[in-house]
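**Student:** These protein sequence lines are chains A and B, in that order.
Converting from the first sequence to the numbering used here requires adding 74 to each position, the first position being numbered 1.
Converting from the second sequence to the numbering used here requires adding 74 to each position, the first position being numbered 1.
Simulated from the structure, these hints should not be mistaken for lab results.
Some hints could be false.
Same chains, same label: a pair holds when it works inside one copy or across any pair of copies.
Stated by the list, open to error - With a straight-line cut-off of 30 Å between C-alpha atoms, the simulated DSS-like cross-links for lysine-lysine are: (1) 219 x 192; (2) 175 x 80; (3) 219 x 143; (4) 177 x 201; (5) 201 x 105; (6) 80 x 192; (7) 201 x 219; (8) 80 x 201; (9) 79 x 219; (10) 178 x 191.
Number of protein chains: 2
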Amino acid sequence: MAEHKKRFETVIQKLKDRGCKITPQRLGIVKILTESEGHPTVEDIYSRIKKEFPTMSLATVYRNIVLIKSCGEVLELGFPDGSNRYDGYKPYPHPHVICIKCKKVVDPDLDSLEGMKKEVSTETHFKILTHRLDFFGICSSCQEKNE
Amino acid sequence: MAEHKKRFETVIQKLKDRGCKITPQRLGIVKILTESEGHPTVEDIYSRIKKEFPTMSLATVYRNIVLIKSCGEVLELGFPDGSNRYDGYKPYPHPHVICIKCKKVVDPDLDSLEGMKKEVSTETHFKILTHRLDFFGICSSCQEKNE
DNA sequence: TTTTCTGCAAATGCTTTGCATGGGA
DNA sequence: TCCCATGCAAAGCATTTGCAGAAAA
Numbered sequence: 075m076a077e078h079k080k081r082f083e084t085v086i087q088k089l090k091d092r093g094c095k096i097t098p099q100r101l102g103i104v105k106i107l108t109e110s111e112g113h114p115t116v117e118d119i120y121s122r123i124k125k126e127f128p129t130m131s132l133a134t135v136y137r138n139i140v141l142i143k144s145c146g147e148v149l150e151l152g153f154p155d156g157s158n159r160y161d162g163y164k165p166y167p168h169p170h171v172i173c174i175k176c177k178k179v180v181d182p183d184l185d186s187l188e189g190m191k192k193e194v195s196t197e198t199h200f201k202i203l204t205h206r207l208d209f210f211g212i213c214s215s216c217q218e219k220n221e
Numbered sequence: 075m076a077e078h079k080k081r082f083e084t085v086i087q088k089l090k091d092r093g094c095k096i097t098p099q100r101l102g103i104v105k106i107l108t109e110s111e112g113h114p115t116v117e118d119i120y121s122r123i124k125k126e127f128p129t130m131s132l133a134t135v136y137r138n139i140v141l142i143k144s145c146g147e148v149l150e151l152g153f154p155d156g157s158n159r160y161d162g163y164k165p166y167p168h169p170h171v172i173c174i175k176c177k178k179v180v181d182p183d184l185d186s187l188e189g190m191k192k193e194v195s196t197e198t199h200f201k202i203l204t205h206r207l208d209f210f211g212i213c214s215s216c217q218e219k220n221e
C-alpha cells in the first residue's frame, strides 16, 4: 500500500507548507484519513487515536478535519443522520456503494459518470462543479447471512 | 398543475387509510410537500403555515414529515448541514441539480441512470436498493449575475 | 520565545420527545 | 366520547467555539 503512504506524505507536506505544526495527534488523524480503511467516521478516528493518546479530544478530531478539508485533502461523505465518513485517500468526488446492513463502503469504477455530467450540463444549463453519487444496497456477504 | 393535486389526494387518502386524522396543519403540510415548489425545507413549510395558523409549531412539521416518510410519500433530500429538503411530488429517488448560490433545485431527466445501476450491481455484487445523485453547480441566472 | 494546538467545557443548531391540552371523527 | 394530534418546553446529539495551559519550531 505504497499509495496510501504517498498520500500521507502529500497531506503532511501540504500542512507544513501552510505553516501548520505537526503534532502527534495530527499525524495520527492524517494517517487514519489517508489509509481510509472503511471510510472512517469521526468516532472511528477518535477512538483509534485515544488508544495511543488517552487525553485525545473529539474537538481536536473535528478541528483537524476542518483544516484538512480546507486543504482539499479529504472528501467528506456527509449523511443527514450525523454518521459522516471521510476519505483522505481519494479526496475528489467519486461514487460510493454502501451496504445498509454492515455499513461497508465500496468505491466502484463507473465510466459513464463523465458523460452524465455533460448530459446534465447541456440539459439544465448549469455549470456543474461537483457531484455526489451513492448507491445503497446489500453487500454480498450480508446477502449470504440472509437476515 | 392537476398532477400536483392528484398527488395531494393520494397522500391524504393514504393517511386516512392509516387511520390518521386530517387536521388543518396536516393538510397544509401535505399541500406544500406535494406542490414541492423549490423542494421546501422544514423552515419553509413552518413559516408558510404559520401565516395561517400562528400557533403552528415546528415539532408538528417534523412529526408530520416522519409520518409521511413512513408512508413512502415524500423523498427526503438530507444534507449534512441540516438544510434538508423535501419532495412530495416525486417521492422516489431521482437525480437533482442544485445551484450552490441561490439553492435552486432542478430535476433533470437522465436516461443513463438505470444502466449505471446495473453496472454497479454487476461490478460490486451488491443488491442495489436505492440511490442518491446530486450535481452541484451554478444555474444559468446566477452565472449571468456573475458575482 | 513565539505561535499554534490541544483539552475541556460550554454553546450551538437541528431534530426528537414527554406531557398536558385541544380537536377530529 | 375516544383517541390522535398539537404546542410548548426540555432533552438529545453531532459539531463548534472560547479560553487557558501545553507543546511545536
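**Student:** If you test the structure against every hint from before, which numbers come out violated?
**Tutor:** Hints 2, 5, 6, 8 and 9 not satisfied by this model.
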